[in-house]
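Given chain A's structure and the hints, the job is docking chain B onto it.
Next come the chains, spelled out residue by residue.
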Amino acid sequence: MTHRRLGAVLLFLLAATAGADAPGVYAITGGTLHPVSGPAISNGTLVIRQGLVEAVGANVSIPPDAAIIDVKGSHVYPGLIDAHTSLGFTAPKSGDKAAEPAPDTLAIRGVKVSEDDADARRATGVTTIVTAPSSGIFNGQSVMLNLGAGAVEANAIRSPAALQVAFNPRPSWTYPDSLMGVIAFLRQNFLDAQQHAAARDLYERSPAGLRRPQDNPALEALRPVLRRELPVVFIADSAEMMRRAQALARELNVRYVLSGARQGYAMAGELKDVPVLVSVKWPAAPADKDDREDQPLRVIRERQLMPTTPAVLARNGVAFALVSGAGKTGDFLPGIRKAVENGLSADDALRATTLAPARIFGVDRQLGSLERGKIANVVVSDKPLFEKEAKVTRVFVDGREVRLPKDEKKSDVAASADGSPIDGTWALTVRAPQGSVSIQVTLTAEGGQLTGTFSGDRGSGDIRGGTVDGNAFAFTITANAEGAESTDWAFRGTLSGDTMSGTVSTTLGSFEFSGSKSK
Amino acid sequence: MRNALCTLLLALSALSVAAQERVTLIRNATVLTITNGVIENGSVLIRGSKIAAVGRDLAAPAGARVIDGTGKFVMPGIIDSHSHTGVDGSVNEISLPNTGMVRIADVLTNEDISAYRQLAGGTTTALVLHGSANAIGGQSQIVKWKWGRPVSEWIVAGAPRTIKFALGENPKSANFRPPEGTPRQYPATRMGVEEVIRRSFIDARDYRASWDEYEARRKRGEAAIPPRKDLLMDTMSDILAGNIDVHAHCYRSDEMIMLLRVADEMGFKVRELQHVLEGYKVAQEIAAHGAGAGTFIDWWGYKAEAYDATPYNVALLMRGNVLTSVNSDSDELARHLNHDAAKAMKYGGLTEEEALRLCTINPARQLRLDQRIGSIEPGKDADLAIWNGHPLSSYARVDTTFIEGEIYFDRQQDLAQREANRREKEERLKKEADEAAAKKKDAKKGEKDA
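Taken in order, these protein sequences are the chains called A and B.
Note that our numbering numbers the first sequence so that position 467 is 467, with each residue one more than the last.
Note that our numbering numbers the second sequence so that position 315 is 1315, with each residue one more than the last.
Honestly, the hints are just simulated from the structure, not real lab data.
No experiment lies behind these values; they were computed from the predicted model shown.
A few of these clues could be false.
When the alpha-carbon atoms are kept at most 30 Å apart in a straight line, the in silico DSS-like pairs for lysine-lysine are as follows [to be verified]:
hint: 1; chain 1: A; residue 1: Lys-272; chain 2: A; residue 2: Lys-72
hint: 2; chain 1: B; residue 1: Lys-1445; chain 2: A; residue 2: Lys-391
hint: 3; chain 1: B; residue 1: Lys-1346; chain 2: B; residue 2: Lys-1303
hint: 4; chain 1: B; residue 1: Lys-1303; chain 2: B; residue 2: Lys-1281
hint: 5; chain 1: A; residue 1: Lys-391; chain 2: B; residue 2: Lys-1441
hint: 6; chain 1: B; residue 1: Lys-1430; chain 2: B; residue 2: Lys-1444
hint: 7; chain 1: B; residue 1: Lys-1072; chain 2: A; residue 2: Lys-388
hint: 8; chain 1: A; residue 1: Lys-383; chain 2: B; residue 2: Lys-1425
hint: 9; chain 1: A; residue 1: Lys-338; chain 2: B; residue 2: Lys-1445
hint: 10; chain 1: A; residue 1: Lys-383; chain 2: B; residue 2: Lys-1346
hint: 11; chain 1: A; residue 1: Lys-388; chain 2: B; residue 2: Lys-1219
hint: 12; chain 1: B; residue 1: Lys-1430; chain 2: A; residue 2: Lys-517
hint: 13; chain 1: A; residue 1: Lys-289; chain 2: B; residue 2: Lys-1346
hint: 14; chain 1: B; residue 1: Lys-1445; chain 2: A; residue 2: Lys-517
hint: 15; chain 1: B; residue 1: Lys-1439; chain 2: B; residue 2: Lys-1425
hint: 16; chain 1: B; residue 1: Lys-1430; chain 2: B; residue 2: Lys-1441
hint: 17; chain 1: A; residue 1: Lys-289; chain 2: A; residue 2: Lys-383
hint: 18; chain 1: A; residue 1: Lys-338; chain 2: B; residue 2: Lys-1430
hint: 19; chain 1: B; residue 1: Lys-1445; chain 2: A; residue 2: Lys-289
Residues from chain B that face chain A, not an exhaustive set, calculated with beta carbons under 8 Å [stated by the list, open to error]:
hint: 20; residue: Gly-1089
hint: 21; residue: Ile-1094
hint: 22; residue: Asp-1106
hint: 23; residue: Leu-1231
Note that the Cβ used here is the ideal one computed from N, Cα and C, for glycine as well.
Extracted from the complex, chain B is given alone in its bound form:
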């Protein structure tokens, strides 16, 4: 009886949610669809979490929230394929050369204010990566910055699993020194980094073989003790099976070639080379492997392996048929990736649309989420931002940011909230000051009594 009642209530609440599915129409704006050109005086209709229609003269359905976009620009939410925002504790499990068993998804936190600041810059989706302290780092996580919601809702359900690899100085501990008394960790050279990666996959093959042997014995009806289930080896096996995408931190072209060769030898694909400052030297090889490149437009020179760089890297990679994006690796840069995209027009002559693709549909493809995000098309997630100017202008600011049809940043609301926050802080501080004064008085009274 009680169960039946519960079921009924659930059904009713599901109905009412469907009935109340919010409809929003943004009209009279310049819509930068990315995949279908620019629509002047265009409209975007959002129904629930999805984009329902994009066009010139869309009528507002009854009850729709209508937003006037006159003089404004609508662009898809920016996608950052290299972030470390929203991680509780260290982003590096530093202790081993291969820490593929650890998962960023386990330690996301919704209290990192940087997530909100990124919404204010029109960024809605990010790949949150493990750090670069080891050749094979932890499993990364694709999230949307749903500020104010529990992290379980930040995780993009059904998104591909990903893992961080790192090459060069960091995994060979050139930039990470153990405390005194702790022995230096293997590997200490680029040769060692390569060996760690190759060895890990050879171990994974052996691991698979031990499970295959066990399954075979069981099938034959023989008694057998199951092998140890090893979370690290499970990860490595899943990479070999194509179930986990590899995103590899790298700077020098020789180490990029090394990784692509090891991948070919071991039988896995590198999905995206990250940072990839010398990518312009080996664009052909990167394209031949099918790897993407996520890079910075003009950020280099901060360590020895990051010197031979050029702002033309993006254009040269793109002209070499490499799927290229600009990404942040930084809480600060993640707030204005549109600027980095714009700079690619100056350095290498990209068109406006090519530039915008660098932080929208291209990273969406690198994350294999281009069926859901990265452009303004009917059926895609309603992740978009309304800008008060063209987003490739450094004067443009975001007015409103939507994720799946919900507003997660609104400049007017933010401004209004500041006064309320100021007052709340004042009241709370006064409460503490009063309590401290009362306590002092109590203590004095106690002394007198004694």
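If we strip away everything but chain A, and leave its shape as in the complex, we get:
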């Protein structure tokens, strides 16, 4: 209840700001224009009127009613689109089953982007996001949203944008608690939706003599997906996971997009027929030299090849966009830069954050380039945007200039500034009856969500279902013991400065664990 009230207040505040600053007429002059739909124009002029682009070119006459904004020496871009975020949603506390989204969960009804979060995103050149909850198997139906002032409804560009599906097993002893269970669960849900649609249609045509089919909003929500009207975004990062998602999508005959896709470098040839959202949250090498050397070549090689994925996809003619995915706000531009360092051209990087995502979500007639008649989302930066030292200086959303964080220094280092005390590498010891087990985890918190990796005595991989709420946290790993069946270990604990402790639930019982932060 308090949450809802807070949201309402926020919306009211945003709406108040909007009224005070209606979209006017601007001529942005003197900068290098990057329309994306065509070649760059040096010393060009961009005219914005009533929220739309009115003119763009080298020889554009400035309308007399326009306010002139001279950006000589700067670069002007269409606002970037980050086509996969969970901005505006906090992860539910682990074990809170009621909070799990369903196919009929509409992101537009739940999204609450705080002003600070919107500011921080815009400072990275992003004016438009696609967002949905990140919890559950069905994450719900995402919304494409401008990061402008005003109510969510006013900023929505497309809702629903897509049905988002993650291969997230539920906690142990709740079906489905394994990856194979998740796939079976999805298969059954789509079969049920087909049956539901057929039964409803039959009943509506001629109800006499038929038992009335039950109402079911969740299955009803899958109808546009079955009709191939609404695409499904499957979150799949590894090559095998992408292949699984592809096989499932073909089996279910749904239109789909893959998101995550960091191992795309290994299978670009198999991605010709599917749009891909590549997460630029690249894996980091362990800070400690000994830890790096202990890792197998396969892990090191994979970590170094992942940032080549965008370049490899570009070379292979795959339709792709770059997204922040599970990454933090401040990771987006550095992540794109790393892709450029690894062979992606700056032009392709720009396309992959503007026109390409607009096309993937079917909004390229109104968004994604600086063209007459399109939505006036405009970003100005002092240097080419994907260069290391570049700073975003002005941002227009729907033709309205929006504020940037006042302390520029702070926004520039957003990545480290919004760090949580749980961020970092932790050495954990689990006191199991057969002896203690050492596991190292590297954790990152954002918006109540915990992501990261683990390695040690029980194999290595990504953590799953991570949440953090104040000092309380929880996450799950898939533990592998030599010669035994792999099982889930669910950690639940509390943080106290540079130490943490709690319990691990495993199939063999609950054990205590403790750990400390590695320097």
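Same frame as chain A, but now just chain B:
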């Protein structure tokens, strides 16, 4: 036009593949055919994916790759009828007493290094099973360890569908405890395990009846809403129809008898009893049902239900006319199933050929793939390994492992690759160290500027 061109290109590429079909001749080796005795100074001719000829004086066709087998032994690829290798995520969908709707085939991964290690032990085929946490587990998958290939190629096309059942301690949650706050799951006793299995088949009959009724109404031209298509009930119906083979994890003889009786009552067959440590007590009953037995030779005592065991189990089962194999249930044991086969000669006096059958043609028959694998015979898949000594000796090692005519493990290549891997790792680590140093320098410079 474009289509025609594509068709032409496809036809051409198909031709060239056929023309380039690789021919390999292994000669002068001791060939352990399994089904046709031992051929000293023998040869095996491989054409494409199949064994073309086996004999004493085979000539090498022009262009054939010739491998000298002097002093070496050729044996069929080992078949492991109980594996959990190559599974992404948990091998147990633990949440329900019957999870027959989930499929191992959906979650195979080709990144499990254990698959490669098994090739190095001469193992080429495995039944990858769901775990044993529930009375009826998920659908299992027969694979070949085609290391380096996508998992779609690991799956043995046309192989029988299989499912895991489990009896005893595990499905009654004696060894799996839910976390605090989660209620204990049914069943909690062996009686309950039996009830889950029986109930599942009764439900499946009801399910079939509802579909039959629907089809009948449609045939009569009446309006009817189709019943829900239920993946779990489809699985159970397919077991009743004989389309899915049951491989059941079990330890105690009383629960084996229970399952065979429930199977007779419900009208399905148990293809293979797995682990089956007390099988020697009821070999007659197992043979009468027609079930096979896949067991460990000398691995027991790790839980209460696994105490009344003997290494003579294999011999006693075989002498009782039960189709018996040794299998692994372990990434480690799967690398040397030949040792377990050899131990059966000490415990129970099996002949060499009987021992070798335990990990070749017998599991092939249990998996109903004996027309394709499990022995060295013309027409069968060219799945075999060249050993540097007799595979029933603990000193023997595998030099080369073939699956369908392709080499998937070669000891010399592996040794050569190690140096290249070492160098690559060194270079990659240096790259990261350099980047870290540059970043540090940048940060220092930034501080100074500020």
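Starting from A:Lys-391, check that the Cα of B:Lys-1441 is at most 30 Å away, please.
With Cα atoms ~21 Å apart, A:Lys-391 and B:Lys-1441 stay inside 30 Å; holds.
Can the restraint linking B:Lys-1072 and A:Lys-388 be considered satisfied, given a maximum Cα separation of 30 Å?
62 Å, violated
Mind checking the alpha carbons of B:Lys-1430 and B:Lys-1441 for me, to see if they're no more than 30 Å apart?
With Cα atoms ~16 Å apart, B:Lys-1430 and B:Lys-1441 stay inside 30 Å; holds.
Interface hint outcome for B:Asp-1106 [beta carbon to chain A under 8 Å]
For B:Asp-1106, the interface hint holds, since the closest Cβ of chain A sits about 4 Å away, which is under 8 Å.
Below or equal to 30 Å on CA atoms is what counts here, so check A:Lys-272 against A:Lys-72.
Distance of about 41 Å is beyond 30 Å: violated.
Is the interface hint for B:Gly-1089 satisfied, with its Cβ closer than 8 Å to some Cβ of chain A?
3 Å, holds
Agreement of B:Lys-1445 and A:Lys-289 with the hint, judged by alpha carbon distance not exceeding 30 Å
Given pair B:Lys-1445, A:Lys-289 holds - Cα atoms ~23 Å apart, limit 30 Å.
Would the pair A:Lys-383 and B:Lys-1346 pass a check requiring their Cα atoms to be no farther apart than 30 Å?
79 Å, violated
Does the alpha-carbon distance linking B:Lys-1439 and B:Lys-1425 stay inside the 30 Å limit?
It holds: about 21 Å lies between the C-alpha atoms, which stays within 30 Å.
Are the Cα atoms of A:Lys-289 and B:Lys-1346 separated by 30 Å or less?
Roughly 50 Å separates the two Cα atoms, so the pair is violated.
Holds or violated: A:Lys-388 with B:Lys-1219, Cα cutoff 30 Å?
Outside the cut-off at roughly 71 Å; violated.
Does B:Lys-1430 lie within 30 Å of A:Lys-338 when you go C-alpha to C-alpha?
Cα-Cα ~18 Å, so holds.
Violated hints for the displayed structure, listed by number in ascending order: 1, 7, 8, 10, 11, 13, 17.
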